[in-house]
Amino acid sequence: MDLKKYFDCLCENEDMDVGLIRSYTYQILDALLFCHCRRIIHRDLK
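Numbers given in my numbering equal positions in the sequence shown, counted from 1, plus 397.
It is worth saying that the hints were derived from the structure and are not from the lab. Idealized CB from N, CA, C, for every residue including glycine. Mixed in with the good hints, there may be bad ones.
Quick list of simulated restraints, FRET-style, between CB atoms [claimed, not checked]: (1) 406 to 438: 32 to 42 Å; (2) 431 to 399: 12 to 22 Å; (3) 439 to 408: 26 to 36 Å; (4) 408 to 437: 29 to 39 Å.
Using the sequences and the hints given, assemble the complete structure.
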């Protein structure tokens with residue numbers, strides 16, 4: 398499930414699952430590390 402679909406399903410007073418937060422955070426940081434190691438910067442991605 399992607400983040401947009403997850404947020405659409407969440408009720409207003411419901412908290413996100415901690416494991417899912419960790420998973421999303423890991424994936425984002427892993428992607429940043431991938432770009433950093435290959436000397437890709439933000440303007441290259443636009």
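Outcome of the hint check:
Between residue 406 and residue 438 the beta carbons are some 35 Å apart, a value that agrees with the proposed interval 32 to 42 Å. The hinted window of 12 to 22 Å between residue 431 and residue 399 holds, with their beta carbons roughly 19 Å apart. As the Cβ distance of residue 439 to residue 408 is approximately 35 Å, the hint placing it in 26 to 36 Å holds. Remark: the range hint 29 to 39 Å for residue 408 to residue 437 is upheld by a beta-carbon distance near 38 Å.
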